[in-house]
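Protein chains in written order, with full-length UniProt numbering: chain A, 1 to 240; chain B, 1 to 240; chain C, 1 to 240; chain D, 1 to 240; chain E, 1 to 240; chain F, 1 to 240.
Check each hint, because a few of them may be wrong.
Lysine-lysine pairs mimicking DSBU-like chemistry, simulated, CA-CA at most 35 Å apart [claimed, not checked]: (1) K80(E) with K105(F); (2) K105(A) with K198(A); (3) K80(D) with K80(A); (4) K198(E) with K198(F); (5) K54(B) with K54(C); (6) K80(A) with K80(B); (7) K80(B) with K80(E); (8) K80(F) with K80(C); (9) K105(C) with K80(E); (10) K80(A) with K54(B); (11) K105(D) with K80(F); (12) K54(F) with K147(C); (13) K80(B) with K80(D); (14) K152(B) with K198(B); (15) K80(E) with K80(C); (16) K54(C) with K147(A); (17) K80(A) with K152(A); (18) K80(F) with K80(B); (19) K80(D) with K80(C); (20) K80(B) with K80(C); (21) K80(A) with K152(D); (22) K198(C) with K198(B); (23) K147(F) with K54(A); (24) K147(D) with K80(A).
If you're looking for bench data, these hints aren't it; they were derived computationally from the structure.
6 protein chains.
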Amino acid sequence: MRADGRTPDQLRPVTIERGWSAQAEGSALITVGGTRVLCTASFTNGVPRWLVGKGSGWVTAEYGMLPRSTNERMDRESVKGRVGGRTHEISRLIGRALRAVIDTKALGENTIKIDCDVLQADGGTRTASITGAYVALADAVEWGREKGFIGKKATALTDSLAAVSVGIVDGVPMLDLPYEEDSRAETDMNVVVTGSGKFVEVQGTAEAAPFDRAELDALLDLALGGCLSLSHLQREALGR
Amino acid sequence: MRADGRTPDQLRPVTIERGWSAQAEGSALITVGGTRVLCTASFTNGVPRWLVGKGSGWVTAEYGMLPRSTNERMDRESVKGRVGGRTHEISRLIGRALRAVIDTKALGENTIKIDCDVLQADGGTRTASITGAYVALADAVEWGREKGFIGKKATALTDSLAAVSVGIVDGVPMLDLPYEEDSRAETDMNVVVTGSGKFVEVQGTAEAAPFDRAELDALLDLALGGCLSLSHLQREALGR
Amino acid sequence: MRADGRTPDQLRPVTIERGWSAQAEGSALITVGGTRVLCTASFTNGVPRWLVGKGSGWVTAEYGMLPRSTNERMDRESVKGRVGGRTHEISRLIGRALRAVIDTKALGENTIKIDCDVLQADGGTRTASITGAYVALADAVEWGREKGFIGKKATALTDSLAAVSVGIVDGVPMLDLPYEEDSRAETDMNVVVTGSGKFVEVQGTAEAAPFDRAELDALLDLALGGCLSLSHLQREALGR
Amino acid sequence: MRADGRTPDQLRPVTIERGWSAQAEGSALITVGGTRVLCTASFTNGVPRWLVGKGSGWVTAEYGMLPRSTNERMDRESVKGRVGGRTHEISRLIGRALRAVIDTKALGENTIKIDCDVLQADGGTRTASITGAYVALADAVEWGREKGFIGKKATALTDSLAAVSVGIVDGVPMLDLPYEEDSRAETDMNVVVTGSGKFVEVQGTAEAAPFDRAELDALLDLALGGCLSLSHLQREALGR
Amino acid sequence: MRADGRTPDQLRPVTIERGWSAQAEGSALITVGGTRVLCTASFTNGVPRWLVGKGSGWVTAEYGMLPRSTNERMDRESVKGRVGGRTHEISRLIGRALRAVIDTKALGENTIKIDCDVLQADGGTRTASITGAYVALADAVEWGREKGFIGKKATALTDSLAAVSVGIVDGVPMLDLPYEEDSRAETDMNVVVTGSGKFVEVQGTAEAAPFDRAELDALLDLALGGCLSLSHLQREALGR
Amino acid sequence: MRADGRTPDQLRPVTIERGWSAQAEGSALITVGGTRVLCTASFTNGVPRWLVGKGSGWVTAEYGMLPRSTNERMDRESVKGRVGGRTHEISRLIGRALRAVIDTKALGENTIKIDCDVLQADGGTRTASITGAYVALADAVEWGREKGFIGKKATALTDSLAAVSVGIVDGVPMLDLPYEEDSRAETDMNVVVTGSGKFVEVQGTAEAAPFDRAELDALLDLALGGCLSLSHLQREALGR
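Next comes chain A alone, as it looks inside the complex (with noise of 0.2 Å):
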């Protein structure tokens, strides 16, 4: 039993608020435990300078947290004049995941801008990021097919997508870590799974331990476990 009373291979409450923005093409309110993320999708038409006259189009992101999303309050990337390495790299990562659902040529050339915003943060933000922003993404594109920016046959969305983090606490592998069992882990990893069970990321970092083959696989099988859940949940919040 963890200190929050769930068993290792069980994922934190996590509900999602689909439209909650009035303004963006895509939203949704992702909570996961403590962790509360504002996902939003903007359509624009065009694609970025190097896409032009390719007839694709394309789907990047940006994440960023709010300073008192934390327990003790960080200076904004705004005011310090530049967006850190972790943001960097976490933007970069929920940008590929998702292209990795999107049939770029079926878009046409369309953007989509994936915003993720931490409201309150308690462990996995990149990974609820990445499930919220999928359902996002999902309406973002419905609006460009009602819209008729989107050919009404093309499969944009291949797949659906979602991300769950679990790791090696005290020697036992567990899903779905709060920012107290992540800060305390061995060993880390971030997986990102589509709707039919295929990997897209696996980014797996000894913290305190190298680890083995046998506890690699015991992550996978947790995560792949997640994920299932998380994507049933995107399938009720979207109304399929």
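Assemble chains B, C, D, E and F onto chain A, guided by the hints.
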């Protein structure tokens, strides 16, 4: 009658969700029509270097907008690498206004940092920020008193504080302008008023046509009325 | 009587040296007591991208202080790598105020860029900047007309513009505060007024104590009187 | 057979010139096919502020590319005024990976700063950086021991460390991808492994197609084999 | 005869208004033809960190141009967010040159910061800056002596310092080039000379055609003559 | 005799490895004693915007130092977020000097970008950069001719170019100063000379004591001799 059915002297629907954040010492999610601002107050011991050893505390503020809080997505200031002039100006306004109702001596050598992050924008974000920030500030002061950082008998907060925008639209002075009215106002004014009805800031700007003394007086009357109503809602939110 | 021998409603000695710069299309070195600001107006064909093809011109402004214009040397903003909030705020104020007396349609697709650089500072630098900038602007408009960039019959300048600071010091409303008075004022207000006596900006701030309606009225009276005198000096400088 | 004549499980030719720099406490110029990285290790007494007084040392890393290390010249990050996301990400990876084989307690309050500068790039620059950096780090630790900054009996380095890229190209899992293969790989994985064969980092990304468990397993097998060979070359370079 | 009626070895009209600024410890407004530079010297106790406790003082300089000091308006470096290469280069030159006539030991642990701001530019701004800065520096040293920060017997200034530009225009070596001549010079040289006739800086550049030893000698002769005249004017300005 | 056994007029051992980089159109790794600089020349079609349509080409340069090229590690300029004054100054010097031997008309509308990156520094990095850059430039010009971007009969390179430092150390004029001599030189001069023995740049600075005409002459003699030897080595490296 205005586009949203209000009379010229009527506020939009206002709600103040006190304690929205689980982590900040004080917080409020304020909604004014389509404008939603998350205000947090972070209490820390110590003061900026130029105040050390003078026995006084400090209150300061930072304002920001999420990139898709607006109808068209804006670039992040962190990505642009600099905070824009408008952001600076509003951050300075919020901090200066709140200090007008703080007795910095009574606060002791402690700092309260206010963050106002606009989640959704539909006009009046700076005045909503001030009105919500007061509630967050009041709770942070109370937190400091409970923790013993502020003396039990000290009256660190000398008054309450609310703010509202007013303007002349189509020749008519009006209270609490949404974006649609604000963008075509001839004159636009932001007014910050204490609970006891005194002015803390009066910022009037002729956007399209210089204004005379009578117009100025009509706007000030509307603003005083609006702030009175907001002060009432603040007291309710704070359970007083 | 004030420290410098003036009555509460008296301006400091003001001189306006029109045409100080040999290179700018319009220029003025304004001296208000110990405050000296070099104002230049640069006329260029074309407008910012968002205005192209709309048949309108643009007026914008930038404000700066030399590092040793103040009593203690300040760091250069170029060396710090960012323009500070106060600088941004004043630049925006000057540009906005001047646009209130410009008919941008009559200006044609031309831009006038105002630069106000404080060579020596003793309070009231932003209001001196506006008062001096109007003279530089008037000459740049005239230059544009002589060169044929502005139509002969167009009235690009619809009125004149002057500005002054007022404040409550030791309980007494006073006109045109030098640094020494400004730094201990309870309330501080900058007022921008057209030659015909209408308000363009009213920016009042309770520095130490909130102010009531009667105090506000007294300050506005002083400001209107001061701006009337400044308008007179501007007409003299322009030889009208 | 691959374009360069290798079998799928074969490394490119690797050389490690230990002590290339006359000035650094440890250094290595590593060549992996057409990729050349200069790795230096700088030993300094003292630790970052957040570690002072805790009796532990620190290892950190920075990665960079010369502007013409690539086929088309890139702009310098110093000239752009900001370090890009990819650079940040790789710098963080190198530092984190090396810390997995450092006993920071045994290091004492000393810092070793690793610099990996890519002189020529042909794929696998981050993994070559880690492999070369380990050699530079080992020499800097030895230097610290000889100078008496690290205790004679302390085992500051707990294991060796090597890294390699693997990927699925045209459906075939392959070891050590040059740029040409990397740019058309369906899946791409960077793996960091200790001398004793345990994982420190596993970073797999579906570039073009999500991958299944069997593919993941095949890639991990290749990576473990490649790192074993690199560990052997490191021991030779270090004369062990 | 040159366009402005001078002979090749003649300076433009030079005036030095000593004490132009009411606030700086030393100041001079120098005019050389159409070039006007405001030079201030700020005296502060203490030295940069790397000099603390060594018993020596420091002199450093910063150079800047007002945006409309030139014929076409330039963007502000503060707005661009970085100081340009030319500005850096000239700031370094001015500081280095002035230190050649300062005995930093005699200065005590005090810093004099020179600011040279070009109000109007017509060639030779860096040499005018040095010539004017020497006057401001001399007054700041004297101020330090009167205030007791510099010993009564110390000779902090070991010599005077002046600078001038020379160049080859249309094959003829010429003294003190205005912008028009400078922009078409084949060779351009800035020379800094002490009051006793020794070189402190010689910076010659072949703009259009490499130059031989005889041309170099002719330019140095002109420069020595010009600096002699400037030294004389400096002594007059300082009332010696 | 000097510390390294040389006579005052002797160069350190110099080697030029032409074509060190497999990717650049021209490259050279130059070694001058303990100083090693990697010089690359990147050929691209097109010119900067201000040159478009004028039928001329452009040569420009950037200089950088690896963080541990020096005895103590320096911070990266990319991490500091700004290029320092010294770097700017040297980049400008290299570009300006090389343009003195380029006929930009003969180059056609093409740009050659030189990068000089110091891998190891022991004095004279800027002069070694120029000497090595000339070799890289010559190969890039040749590459452009072979590819048909430069006319077969055009003489884009009008002369060769070499550079060396000279200085007065302990009262003795000396050629090619290593760091140890450079840091205690009374006067320091960098001289750039064409293959035909004409001056392109003469930059002399009194570091500790102003210098007279005779000393200047002695330094120029040494520099001319040193550059003659370097020109010879360049011809050898280029196989001429």
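Against the structure shown, which of the earlier numbered hints fail to hold, in ascending order? 5, 17, 21 and 24
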